[in-house]
Amino acid sequence: MITIYHNPRCSKSRQTLELLNSRGIQADIRLYLEQPLDADELLDLLAMLNMTADQLVRKSEQYFKDNLRGKALAQDQLIQAMIENPKLIERPIVVAGDKAAIGRPPEAVLEIIE
20 MITIYHNPRC SKSRQTLELL NSRGIQADIR LYLEQPLDAD ELLDLLAMLN
70 MTADQLVRKS EQYFKDNLRG KALAQDQLIQ AMIENPKLIE RPIVVAGDKA
120 AIGRPPEAVL EIIE
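Going by this note's numbering, the sequence shown opens with residue 20, and the numbers climb by one from there.
Among these hints, one or two may not hold up.
Derived DSBU-like pairs: lysine-lysine, alpha-carbon spacing no greater than 30 angstroms straight-line [unchecked claim]:
hint, residue 1, residue 2
1, 90, 106
2, 118, 106
3, 90, 31
4, 84, 106
5, 84, 31
Here are the in silico distance ranges between beta carbons for each label pair [to be verified]:
hint, residue 1, residue 2, range
6, 70, 21, 12 to 22 angstroms
7, 43, 82, 18 to 28 angstroms
8, 79, 58, 29 to 39 angstroms
9, 77, 132, 30 to 40 angstroms
10, 69, 34, 20 to 30 angstroms
11, 93, 40, 31 to 41 angstroms
Just so you know, the hints here were simulated from the structure itself, not pulled from any lab data.
None of the values given here were measured: they were computed from a predicted structure.
Backbone N, C-alpha and C fix where the C-beta goes; we use that ideal spot for every residue, glycine too.
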């Protein structure tokens with residue numbers, strides 16, 4: 020089963036979903052802004068992505084600029100910030116089995132699917 024953590028307002032997210040569909044891949048779509056992730060889900064994604072919370076945070080988001088930039092935050096604090104403000108999570112994330120990839124560029128997700 021393949022899951023995409025999707026934000027329909029994000030062009031890269033839309034392009035990644037379109038890429039999956041064009042390959043005949045039916046993905047379970049998780050609208051993570053409407054169905055926020057919990058700490059365990061984020062920790063699982065970080066492990067699959069082989070990333071730290073700091074690497075998964077979108078530093079271009081206004082919330083980050085206004086509230087988090089320049090602060091030395093621990094991983095659990097960043098995870099809590101992403102739970103409370105899901106726009107902070109880099110997108111899109113595609114999960115296939117025990118592997119995950121960020122669709123930036125969209126083609127990056129193909130290496131976990133093919």
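Enumerated hints in conflict with the structure, sorted upward: 7, 8, 9
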